[in-house]
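Taken in order, these protein sequences are the chains called A and B. Each step along the first sequence adds one to the number in the numbering used here, with nothing skipped, and position 129 is 129. Each step along the second sequence adds one to the number in the numbering used here, with nothing skipped, and position 110 is 110.
There may be inaccurate statements among the hints.
Note that identical chains are pooled: a pair holds if it fits in a single copy or bridges any two copies.
What the hints assert, rightly or not - BS3-like, lysine-lysine: derived pairs with alpha carbons at most 30 Å apart:
#1 Lys95 with Lys107
#2 Lys95 with Lys79
#3 Lys65 with Lys107
#4 Lys65 with Lys79
#5 Lys65 with Lys27
#6 Lys95 with Lys27
#7 Lys95 with Lys130
#8 Lys148 with Lys107
#9 Lys130 with Lys79
#10 Lys95 with Lys65
Everything labelled a hint here was simulated from the structure, so no lab data went into it.
Chain by chain, the residues:
2 protein chains.
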Amino acid sequence: MKQSFRALALFAGALALQSSQAATQTKGEAEVDYRQSLYTVIAGNFHPLGAMAEGKMPFNAADAKLRAERIAFLVPMLKEAFPADSNGVGHTSAKPEIWTDTAGFDKALQLLIDKSAALAVAANSGDADKVKAAVQDTGKACKNCHDKFRVKD
Amino acid sequence: MKQSFRALALFAGALALQSSQAATQTKGEAEVDYRQSLYTVIAGNFHPLGAMAEGKMPFNAADAKLRAERIAFLVPMLKEAFPADSNGVGHTSAKPEIWTDTAGFDKALQLLIDKSAALAVAANSGDADKVKAAVQDTGKACKNCHDKFRVKD
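Kindly generate the complete structure, drawing on both the sequences and the hints.
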């Protein structure tokens, strides 16, 4: 048992040293890194859906279903991704209003959660037109939150 | 309909401009960014399980279940996260052996997928000892792959 714990401790150390940057991260920096990583994974799965909806990629029902399920799973994880001590830390585009207008932010995020869930339902139907409409609704919910709570590039 | 597509195009543009860095990313760099982000989200959810298994955090059955379900969902996504043109791109710790010893890498990744699935089953039982053992098994499967296929820090 002791040896197993040692293996785990080694593993935990290996994780912490995933990059030399990670080793020197503060708690707030690690939180921002986690949040931005979560958005990157969401965006990476939304891109093919956007391309299908825009006709830049042929509609693929199986891939649309897989991507939409991932988005519906990942988006609610954003609810934990804005802890107070990540406000204003590092290279972030997160506006302070996220933490001052919490009701407004929660509403905008809930809209995205709802639209993402509807996207997964649409994708499960295999109907290309329903998927397109749901992708557009989800994209608008992203943009709605970005317009209010994200610094413009 | 045209207006909807316009909103989507605007949204796609907003995503591409998530950071000024993203705007200048090559395809390979974006793939490395996606992969590292996926690992960051997996690690962020594994950390509390590791802390519970090591007794650094009290065992919380509901949180363990949530984290383990996320890990079991996210880990299989790693199968797509090593496209050939991401080999050797940017600040990566991924060894070239990932792309030369594909059978070995696939085996190491499959072990992690299997252990992550078993972790979710263990966490669903609510039994702290089963969770601890499964966390250790998952940690060893991480380390097994890192030892062979990740550059040491």
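Each hint tested on the structure:
1. Lys95 with Lys107: This pair counts as within: shortest intra-copy Cα distance 16 Å, inter-copy 44 Å.
2. Lys95 with Lys79: within (16 Å within a copy, 35 Å between copies)
3. Lys65 with Lys107: both (26 Å within a copy, 27 Å between copies)
4. Lys65 with Lys79: both (23 Å within a copy, 17 Å between copies)
5. Lys65 with Lys27: Between. Shortest inter-copy distance 24 Å satisfies the 30 Å Cα cut-off; intra-copy 36 Å does not.
6. Lys95 with Lys27: both (19 Å within a copy, 29 Å between copies)
7. Lys95 with Lys130: Intra 33 Å, inter 42 Å, cutoff 30 Å: neither.
8. Lys148 with Lys107: within (11 Å within a copy, 46 Å between copies)
9. Lys130 with Lys79: both (27 Å within a copy, 29 Å between copies)
10. Lys95 with Lys65: Neither: 33 Å inside a chain and 32 Å across chains, both beyond 30 Å.
Against the hints set out earlier in the document, violations occur for numbers 7 and 10.
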